[in-house]
Each structure stands twice: as structure tokens, then as C-alpha cells.
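Participant: Sequence:
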Amino acid sequence: TNTTVKFRGHYGIRVSGKGQIIALGTVNEPIIFTSAEKEKHILISSSTAGSWNRIVFDNMSADADSSKFQFCTFEYSKEVLNSQFGGALSVTTFDKLGLTNCTFHSNSVHNFTSPPGGGAIYINHSSINIVNCIINNNYCGTRNSGGAIYIYTSNLKTVNIINCNITNNRAAGYGGAISARGASSNT
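Numbers 196 to 382, taken from the working numbering, label the letters of the sequence shown in order.
Simulated from the structure, these hints should not be mistaken for laboratory data.
Among the hints, erroneous ones may be present.
Unchecked claim - The calculated PhoX-like cross-link candidates involving lysine-lysine, where the alpha carbons are at most 20 Å apart (straight line), are: (1) Lys201 to Lys235; (2) Lys291 to Lys263; (3) Lys235 to Lys291.
No experiment lies behind these values; they were computed from the predicted model shown.
Start from the sequences and build out the full structure, keeping to the hints where you can.
Facilitator: Below is the structure:
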């Protein structure tokens, strides 16, 4: 059977300091992060009904161990607060995160005062590997960019997006699939 993490209400997970998440599903038994009331979820609405509120990595210690998501599904997550980004996953100043064989769908960000976004994933001054993932049907509202992924980083960081299928994502701002600022990326 699958392992399913269901959020009842608009709650999420925040990882900071030396925190770590190791979520290792398999092709036949993925780990699913979802809403307990997903039938109420409306992708292009700023309403939080039927959604949960993402996984955030921030204020991480330099000696924190690596976090990994493998064969995980992230669905029906939404970020609606001003100056907060990433519909399902937000990573700020953390270089030890890997995503392999994960699926991101039906996630969104609706931020009304700041232009960044990342309907599924927001990457800020972080190095990250995204490998063999499916990222589809995610959305950025208002002026937000990066319907699937928003990257804001310096050339000192590396974002590798390898063998991923990124389709049917939309953004009210720039980059229906990927929007990158101040970055070099390998896709």
C-alpha cells in the first residue's frame, strides 16, 4: 500500500536548522503528499479550500544532512501569502536536496504583492537536482512566474533539471514552465 500524508486544512511542513526529510517511496508504492479534502481544490483560485500548504526548507544549518524525496507525489498544495513562494515545495539557501522520480501536479501559488512564483517548486539561492520527475498542471496566479519552477539564484549555485517531463503548467507572469532569474540552469 502507498504511504499517504494527508493535510486536513491549510497546513504544511517547515524544515529548518539541522532538520531533514527522507521520503523514499518506490515505483509501486509512492509516498503521496496531498489534501484530505482535494475534491474542494480549485487550481486557479486563491481560496485555500481543499489544499495544504507546501513543504518549506529555510534557515538551514550549513551542517544539516541531505534531504531526499524519491518516488513521491506532491498534489493539491497552494501558497497564497504575500512574499511566500512555491506551491508544493520552497527551498531557500539549502544545497542538499534531491528530487528523483517525483510527480508534482495541481499545485499553485497566488502571491499578490511580489512577482516570483513557482507553481510547483521555488528555488532560492540553492543547489538542487531534479531528476526523472513529472511536473504538470501547476499554476502561478496574479503576476507570478514559473508555472512549474521558479529559480532565483546566483551563478555560484547549480540547479540541474535532468530527464524531466514538464507539461501543461501556466503562469500569469513569465515562464509557463520555468522562470529563472540571475541563474544558469542545465535542462
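Participant: None of the hints should be skipped; say for each whether it holds.
Facilitator: Hints, verified against the model:
About 14 Å separates the Cα atoms of Lys201 and Lys235, which keeps this hinted pair within 20 Å; it holds. Of the supplied pair hints, the one linking Lys291 and Lys263 holds, its CA atoms being roughly 8 Å apart against a limit of 20 Å. Our distance criterion of 20 Å between C-alpha atoms is broken by Lys235 and Lys291, whose separation comes to about 34 Å.
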